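Protein chains in written order, with the numbering used here: chain A, 1 to 983; chain B, 984 to 1399; chain C, 1400 to 1494; chain D, 1495 to 1681.
In short, the hints are calculated from the structure, not lab data. Computed from a predicted model, the values in this text were never measured in an experiment. Each residue gets a CB set at the ideal place from its N, CA and C atoms; glycine is no exception. Careful, some of the hints might be misleading.
[As the list claims (entries may be wrong)] No farther apart than 30 Å at their CA atoms in a straight line, the calculated lysine-lysine pairs in the BS3-like style are these: (1) C:1494 x D:1667; (2) D:1592 x A:591; (3) A:52 x A:270; (4) C:1453 x C:1494; (5) A:138 x B:1136; (6) B:1152 x B:1038; (7) A:21 x A:514; (8) A:640 x A:817; (9) B:1040 x B:1249; (10) D:1545 x D:1590; (11) B:990 x A:52; (12) B:1383 x A:138; (13) A:679 x A:514; (14) B:1152 x A:591; (15) B:1249 x A:19; (16) D:1667 x A:869; (17) B:1390 x A:591; (18) B:990 x B:1000; (19) A:943 x B:1383; (20) C:1479 x A:869; (21) A:467 x C:1494; (22) A:511 x B:990; (23) A:489 x A:344; (24) B:1080 x A:138; (25) A:514 x B:993; (26) A:894 x A:817; (27) D:1499 x D:1539; (28) B:1249 x A:52; (29) A:869 x B:1383; (30) C:1453 x A:867; (31) A:281 x A:138; (32) A:281 x A:21.
[Said to hold, decoys possible] What follows is a list of derived Cβ distance ranges for each label pair: (33) D:1524 x A:819: 48 to 56 Å; (34) A:898 x B:1383: 22 to 30 Å; (35) A:919 x C:1478: 52 to 60 Å.
[Stated by the list, open to error] Computed, partial: chain A to chain C, Cβ under 10 Å: (36) 474; (37) 913; (38) 915.
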Amino acid sequence: MSQVNRLNGGQVNADQPLKFKFDGKSFTGQQGDTLASALLANGVRLMGRSFKYHRPRGVLTAGSEEPNALVELRTGARQEPNTRATTIELFDGLTAKSQNRLGPLQFDLLAINDRFSNFLTAGFYYKTFMWPAAFWEKIYEPIIRHAAGLGSLSLQEDPDVYDKGFLHCDLLVIGAGPAGLAAALTAGRSGAQVILADEDFRMGGRLNSETFVLGDQSGADWADSVIAELASLSNVRVMPRTTIIGAFDHGIYGAVERISDHKIVPDAGKPRQILWRIYTKRTVLAAGAIERPIAFENNDRPGIMLASAIRTYANRFAVAADQRIAIFTNNDDGHRTAQDLHAKGIKISAVVDVRPDAPRSMDYEVLNGEVVDTKGRLGLTFAEVRLADGTMRALECGALGVSGGWNPNVHMTCHQRGRPTWNDALAAFVPGGVLPPGMTVAGAANGDMSTAGALKGGAAAASSVLKDLGLTAKTIKLPQTEDTPVAIKPFWYVEGCSRAWLDQQNDVTVKDVKLSHQEGFRSVEHLKRYTTLGMATDQGKTSNMGGLAIMAELAGKTIPEVGTTIFRPPYTPTSIGVLAGRHRGQEFHPKRLTPSHKWAQEQGAVFVEVGNWLRAQWFPRAGETTWRESVDREVLATRKSVGVCDVTTLGKVDVQGADAAAFLNKIYCNAFAKLEVGKTRYGLMLREDGIAKDDGTAARLAEDHFVVTTTTANALPVYRHMEFVRQCLFPDMDVQLISTTEAWAQYAIAGPNSRALLQKIVDPDTEISNEAFPFMGCANITVCGGLRARLFRISFSGELAYEIAVPTAYGDALIRKIMEVGTEFDVTPYGTEALGVMRIEKGHAAGNELNGTTTAQNLGMGRMVSKTKDSIGSKLSEREGLNAAGDLRQVGIKPVNPADAVPAGAHLMNADGPVDAAHDQGYVTSACFSPNLGHAIALGFLKNGDTRLGEVMRIVSPLNDYATTVEIVSAHFIDPQGERLRA
Amino acid sequence: MRYSGFKVIKEALMGHKGWTPAWRDPEPQPHYDIVIIGGGGHGLATAYYLAKEFKQKRIAVLEKGWIGGGNVGRNTTIIRSNYLLDGNEPFYEFSLKLWEGLEQDFNYNAMISQRGILNLIHTDAQRDAFTRRGNAMILNGADAEMLTTAQIKKRYPFLNTEDSRFPIKGGLAQHRGGTVRHDAVAWGYARGADSRGVDIIQNCEVTGFKIENGKCLGVETSRGFIGATKVGCAVAGSSSRLMSKANMRLPMESHVLQAFVSEGLKPVMPGVVTFGAGHFYCSQSDKGGLVFGGDIDGYNSYAQRGNLPVVEDVCEGGMAIFPAFGRARMLRMWGGIMDMSMDGSPIIDRTHIDGLYFNGGWCYGGFKATPASGFCFAHLLTHDAPHPTAKAYRFNRFEKGLVIDEKGMGNQPNLH
Amino acid sequence: MIINHPLLGPRDSAEFTYLGDAKLIDRPDAASENAAQEFYEYAYLRDNPAGWHKELWFHEAGDRSWLVVTRNTLTHEISKVELARDVARSRGRSK
Amino acid sequence: MHNLKTITALGGTEARVDAFAHITIVENDGVSLASVAARLGKEKKCHTILKKLLGAVPEAGRAELHDPEAGFWMGPDQWMIGAPRATYELLADDLKAKFGDAASVTEQTGAWVCFDITGPAMPDFCERICPVPIRRMVAGDARRTVIHHLGCFVIRREADDHIRILGPRASAKTLHHALLTTAQAMA
C-alpha cells in the first residue's frame, strides 16, 4: 500500500524507506518515522482496542503519553506487549500486531462488551458475582481474567541482555526541547559537567513539531545546531533515547537508555537497554507540557487526536492524519494546528471553538460551538457540532484535532513531596510544594508556554544553578522567536455528554465519574481507585485533569480543592529486564569458589550452593548410583581411616590488640580471658536479646592475637556485629578486626589416621604428637618444606581431627599434596553431606539448630553463659520466658524400627496423646542416615528433652503423610565420651 | 442497600439513578462508646465486627485522610496462613477462614481469589524448615502441600529451573492462599459498618488523647474533642507517632516497603509465587498487572516512597526466576509505611492506660490479617480479654522473653 | 540516598547496612540495679520519630566504619554524619 | 624450600589477559598484600613507620603508589600494603617486624584477586561497572565500592587510562565474567 497520507518535508528521510508489518500486512515508512506516524502515513487509523469495552482505537497523541495505540512489538521471545506505537522508532523489518482482541482487529468479538456497557459501569464488579460463592474462582474470575489484560508476554526467556551504569554530573537537564537546550547550552559553555537526556530519538522536543522560526532557522535546525555544539563539548553528555524514570533521594535519578530498541536485534554483545543511576548536584526539569483532550460523546474514535499531535505528525513526520481534518478547541493553540495543516494543503473542515471571541481565519471556517457527538464505526467520518445558537451541523472529517489546553509536565516534581499548585491563567497545575532537592523547573513544564519563554526560562534556570555551584555562568544569545501568550477558556466536557471518554485506555467515561460521585467515592484517590481513572499504562497523563474537573464541578469545589493524585515513578513504564541488569541466570548472585574447587571439579564432585559459596557436596565414584552410596562411603572411610574436607568457607576474623581477649569476652557468652596461647576454644555468641547468634572457635595465636571462626552463613553479619561492639560499645578497647575468610585455604583432616597423614606434610620441627599438640591446640607452623601454615586441632566430626590452613593461592597445591601423601591411608575427600552426617552423629548443633530462636539452654549449653561477666546477650538471656519449665532441649532421636526414616521438619508427639498443635512436643531439626549405626538418626528440640531420654514418642509429618515411633536418646550418637577426638 | 447482579441489571435499566453513597459522611458526635482511630483495613474491620458480631453501639472510626488510604490501599493483596509458630498460625488461619466467607458476609465483592501461594525451596535446609512449617500449618488445621519441582513446573512452565543460580528444589504450597482486591476490603468493611450505624469520619486527625488519672476519656481531633469510653488505635505505620501522644514508646520502627505493578498483561501467573533465594514475590491481578515486591528498604521512614537499590534488587529476583518477565514493564512503584515490630509479630492488647487499646506491629503482613485483626481487636474492646487466637499478641512478651519470632532475626525490625 | 561520610565524602547508601536508632550505643550497665528493665528498654523500645532521627549505618562496602547519621524520616534529608566511635566516646563509652 | 605451586585466582598457572579494541583486562598475579591497623594509642608511631615505608601516610580514600611497597587507606587507622609477589611468604612477617607493637598486621594476599584495566575506554568502562566518580578521580585515589554485588577496591593509577581493581578472590571468576561482558558490550 502506498503512503497515502505522506506529505513533503519534515524530519523523515524519504530516501530511506523502511519496510514493516502490522497485523501481518506489509507497509513502507521512512527513516525518522515512529510506527504510529508510518501507519498514519499509510492511511491506517485503527490500531487497537480499549481495555474494557473493546472499542476501536487509533492514536491519540504523538508521544509517550499515548493511551490507545498499544501494540505487541516483534515476535517470538522478543515480543514486547503494550508498546506505544507513538514511541516506537521505525526500523526495517519491524513487525507489530494489535492486541487485546478476539478475532481480527476490525471484528473484535469482545466488542460485545460495548453493547453491555450500561451494565459494566464503574465498580460494577464489586456489587455482583458473589452468588453462589463457589462460582467466583471457577466461573466469574476466569472469564474476567481472560478478558482483562492488554498485550501478552511470549513467556520465553528474554534473550536480550541489559546493563547498568553510574554517571555523575553537576547538572542533569531532563528534556531537550527549547528550555532544556537553552539550559544545557548555558551550563555546557560555562564548563559544568552536564548530562542532557531526552526520551525521544530525535532531540528538540516541540521544536521539531512547530513551524515558527528561531532567529533565521527553523526550530528543528536550531535544535540540531545546539545539539551538535553540546555533543562537541567534553563536559557535556548528550543522551537521546534516554528516559529519566524517577527522582530519588538526594539527587539520584534513574534513567533508561534504549541502546538497541531501534534495531531488529541488538548488535552482538550489546545490551538492549542500560539503566543509569545518575548522581546529580542539580537538575533542570524541562519536560515540556502535555496537551489534554476535551470530553464529548464518542470522543474516542480512531481519527480523534490531540490537536498538537496532528500538528506533530504533519510538521515533524510529514504525515497528514487525514485529508480532511476538523479542530475542536478552547484555546488559541488549537488554531495553530489548523494554520499549519492548511499551509500544507490539507482541507480544514472547520475549527470549532467554545469561545465566542475565538480568533477568525481567512483560510477556513471557525465555528463558535461544541462537538457533541461523532460517527464512524472503525474510524471517524463525521463530527456533529452544536453551534452557539443551538443549530446542529455535521462536519465531514477523517481526523479531529482536540485541544483542551496544556498541562505542564509536573510528573517528576511529585516524586518526592511536591504537590502541584493551580494556575488560573493556564487553567492547569504547575509545579508546587517541595520539589526534589536540587531540582529547578523550566519552560513549559514550569508554565512558560511560549518558545521564547521556554528559552529564557531554561537559560535562567541554568544560570541560577551554576551560581549555586560556584560556577560563573556565561550568557548565551537566545534567538528571537514566537512569544504568544496563552489564551484559554477552561472547558472540560460538553454539557450533557455521558459516554464521553476521559481515560480512553481504561474506558472511564464522564458517566463513571458521575456515578463515583453519586456513590460517595469523592476524594481523588477514591475516584481513581473506584473508576480506575488514570491507572492505565499512561498513568492518566491525558485523562486525570478531566476527571478532576468534573469531580470538582459535581462536588461544588474548585479543582485545586479536589486536589490531585500522586505521580509516582517510573515516568514511563520501564522494562523489568533493565531494572535487573545482568543479575539473572547464573549471574543472579556472585559465586564464591573454594580453593580446592578446581581440584574437586577434576574429581567429578557434585557441588551445592551454601549462601554464595559452591561447596563439594559429595565425590561420586565409579559404580556409585545414588548419592547415599557416596556419602556413606565418605563417612565410613573418614571414621575408619582419614578424610579431608575443604572448610575454607567458615568465616574467619583476625582479632588483634592488647584488649583482644577482653573483646572476645564481650562477644562470646563464655569466658575467653584466660585461654592460653596455643589453645582454641569453642565460643557461643548471643544476640543482645539472649538468643544464640552464632558459634565457632577462637584460637589464641598470641597474647594479643586470636583467629575467630564463624559459621559459613553468618560470616558477614558476625563481622558487622563485632565491628559494632568494637566501635559503638567499647571504643577504647585496643582491638583491630579484619576478615580473613578468603585469605586462607583451610582443610579439615579427620579420622584416626589424620595425625599420621599430617606427619607427612608438616615440617619436621613441628611436633604434633597428642602430648605436644593436644585436643584444641593451635599453632603457626610450616608445611611441605617451609610453607607458612596454621594448624588447629579441632573436630566437627568427633574424630581425631585437625584443620590446616595455608595462604589461599597454595590451597590447590595443598589438597593435591594431601591426597598424594594420603594414598597409603586411602584418604577420602568428603563433601558437605558427609560433614553433615558426621556432625549429626556427634550431636553438634549447626544452622538448623541455631535457627535464630534457640537459646544456649535449648542447645544444652546453658551452663556456658557466664554469670561472672557481662557479655552481649547475657542479661536478656535471663528473662523468664527463656528459662521456663518445659523449655525445648536438644535431643537425639532414633527410630524404634531401624528401617524407618526420621524426616527433618517432623513434629514430636507423645506416644499415645492426640496429634495436633496443642499437643506438640517439639520438632526434628536435622536428620540423616548414619552409616555407622545403620539406621536413621536425627537431632531435634523436645520439651524438657534432657529429662526424657529413653522415652518412646511419635514423630508426625502430615505434610508427607508420615508418622512413626521413635526413641529419644542422647544427641551424641558416636563416642559420647569424646575419646576419639582426644586420642 | 443490598448489592447483587440483579440490582446491577435493574439499575442499568433505570439509568443508575438508584445508587446511593456507599457510606454516610456524618458529623462527629460529642461522645461515643468506642472510638477507633484509623480508617484503614484494620480499623474499619474492627468497627464492622464490633457492630455486627459484638453488638456494640455508638462507634466511630476517625480517619485523618480518606478511608483505605493507608496500607490497605497500597499492598500487594496477598492472603495466606502459612505461619510456623503457635503464637501466629491459629490467628492467621482464623483470618483466612474469615476471608473465605467475607464477601457474602459484608455483601461486597472483594474478589477473594484463592489461587494458591507457593514458597519456592532452594536448599535442603530450607526444605527442612518448610517441612516443619507445613506440618505446623496442618497440625493447626490449615492446608499445606509440598510440591515437587515437576509439579511446580507444570503450573509455572516459564519458571527458570534450567539456568538458575540457586536450584529450585520444590515448594511449599498453600492452595487456600491467594489475593484479594485490596481497596474493596476497605470499602466493603466501611459500607458494612456504616450500614450498622458506625460513624465513619474522614478528614479527622487525632491530635492528642485526653488522659486523666490513668484513664483515657477521649481524643482531641482536628474536628474538636471527641469523648469515648474506649479508644482503640489501629494506625499501622503511624503507631509510634500516635502513641507518643499518650507518652508511650513502642517496640516498633516504621519502615518503607515498596511495591510494584506492571502494565496489564494477559494472564500468566495462576497464583502467588515467592522466591526463596532472593527478595521477590509476584502475583497477577484480575486486571492483568503483575503485582510484585520484595524486601523493605531497610531504614526508618515515614515517606511513602523508596529508593532504586531495592527496586533493582526486587527485579533481579524477578528475572532470576521468571526471565520471561524481562520484556514486561513496571508501570508504577509506591511505598507503604510498615509498623515493623521487634519480633515481626503484631500486638493486639490493652495499654497501661485504662480505656486505651492498641492494635499494630503488623510489619509487612497486615493485609492478610485484616479480618482476624478486626475481629480480635473488637473482641478485646468488647470483653477486655484477648481473643483465643490472639492471646500471644501482648505488649509484655518482650519484657518476658516470650517473643514470636517467625524469622529468628531478633530485636532488629528491618530484618523481619 | 547519599550519605556524606565524614572521611570519604558522599557515598551511595547502597554501600551501607542499616542497624537502627543510635541509642543502641547507650548499652546499659549490666551491674545496674535496674539492669533487667534497662536492657529490655534498650533492646526493644524505640522513639521511632517522624522527623529527625539519629541512626546507625555501617559502611559495609566501604571503610567498615559505623556512622551516626542524623536523618529526617519524613523527607530523608540528612543533616549530619559522624563516626559512631567518636559519638560513643562523647557519650562516655570506653571499654 | 617447599615445592608447592600457586595457582592464580582465576585458576590458571599463568595470569589471564583479555584484550578488546579499547580496553584490556589483565589478571595481575604479581602482588602480595597485608593489612596494617594502628594499635590504639600507637597511631603516631604507626604513622611514622608508614611514612618511612611509603613516603607518606595515605589519607582517607588515597593510595601511595610507591616502590617496592605501596599502600592505600582501608578504613580509619587501617591500611593495605602491597608489594611484589616475591614477598608473598614474607610480607606480613616483615611488616610485623617493622611495626612491632604499633600495629596489627594481617596477611591478606590470598583474599584478593587483582585486575588491571587499561585503555582509552577505561572511564566509560568504569561507569558501567561501579558508582565511583571515575572522571573526578585522580591518580592515587582509592575507593572501596561494589562491582556486581562484590565489594572491591578501585585504585586510579598514574597512567591516565589505568585502574586497578582488587576484588574478593573466591569470586574472581564472577568478577572477571562481569568485566568481560562489560568490555564486550562496549566494543
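Among the hints numbered above, which are violated by the structure, and what are their numbers in rising order?
-> 1, 2, 3, 6, 7, 9, 12, 13, 16, 20, 21, 26, 27, 30, 31, 32, 33, 34, 36, 37 and 38
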